[in-house]
Amino acid sequence: MAPPIQNRIAVLRAERDLSRQQLADALGINYQTIGYLERGDYNPSLELAFRIAEYFGLPLEAVFSRQPFAPMSSQLYRKEDSA
Amino acid sequence: MIDDFDKLSVTELRLRGMTSDKILAEQKRRGMSKEAIHDAWYPKPPTYDRIGSRRFRRRLVLATYGGWLLVAVILLVASRVYPGSLLAAEVLPVLMIANSVVIGVWFFRRTYISREVLASDVGLDERLVQNRNLAFRRAFQIFVPLVMLAWPISMAVVAVEPNTHGYTGALLIYLAAAILAPTLPTAIWAWREPDPVDTN
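If you read the protein sequences in the order shown, they are chains H and B.
Residues 1 to 83, numbered by the working numbering, are exactly what the first sequence covers, in order.
Residues 1001 to 1200, numbered by the working numbering, are exactly what the second sequence covers, in order.
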């Protein structure tokens, strides 16, 4: 079985104050699927992954990764330090 | 005008004081298609609600098939121990029919799980389509070998005992196939589907 693809959907959804239902409606999928994506129970198709990334206005690699994500806050501060 | 017009349902817009005429006019002004306006006013019922926890669904599957198996065993034993008794001849078949009715109610309730399994691709997202297809594929993989096995066994049972016992055994095998055929995809889907999440 393929390892689960990591994603930041839950964080991005919380940042934008979106419910699963609202995000699901916007993407045209079932809200349970959003939940399973967040839980890592389901790996999205490439098409759905692109749709999700486009909805959040982010590149695909900012939303999905094969490796565990570092916390966004630490990445943000690292960028600010180096700037 | 309500700021988050796009995010709210017609019912929510009405609760916020917008009249039906204003809602419709605003939808048209925003260039919504006729279909989109129709869907907004008459939203489709969710195809995927009230599925229950995975533990509940698994218990349900076990109870359904286990219940049938129990009745079948009792019927076989009773037909041998009390041949010709009312228990074997009349009461237990009624129990089996009752069990079948219970199976029907559980598995084909529109709001429960059958709709998901039997739905066309329209209204299902990619994950649900995959799950539905997998359920049918697994059901076929399980059902076909069982039938291939059950067919000669039922013939052998009747050949060895060409009497009531033999016919009862063959009938039970036939009924098992008859119960599995329509319920197995739903049972497999119910068995595999993870615990549901809430809408928030």
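Careful, some of the hints might be misleading.
[What the hints assert, rightly or not] If you want the footprint, here are the derived chain B segments under chain H, 3+ residues with CB under 8 angstroms:
#1 1023-1035
#2 1142-1152
[Claimed, not checked] Taking lysine to aspartate or glutamate pairs in the EDC-like style, the calculated list, with each CA pair at most 16 angstroms apart, reads:
#3 B:Lys-1022 to B:Glu-1012
#4 B:Lys-1007 to H:Glu-47
#5 B:Lys-1028 to B:Asp-1006
#6 B:Lys-1007 to H:Asp-25
Simulated from the structure, these hints should not be mistaken for lab results.
Glycine included, every Cβ here is placed at the ideal spot set by N, Cα and C.
Results of checking the hints against the structure:
1. 1023-1035: This one is violated; 0 residues, fewer than the three required, reach chain H with a Cβ under 8 angstroms.
2. 1142-1152: Answer violated; 0 residues pass the 8 angstroms Cβ test.
3. B:Lys-1022 to B:Glu-1012: OK: B:Lys-1022 and B:Glu-1012 at ~13 angstroms, within 16 angstroms.
4. B:Lys-1007 to H:Glu-47: Violated, at about 24 angstroms.
5. B:Lys-1028 to B:Asp-1006: At roughly 12 angstroms apart (the allowed maximum being 16 angstroms), B:Asp-1006 and B:Lys-1028 satisfy the hint.
6. B:Lys-1007 to H:Asp-25: Judged against 16 angstroms, a Cα distance of about 9 angstroms means the pair holds.
Checked against the numbered hints above, the structure violates hints 1, 2, 4; every other hint is satisfied.
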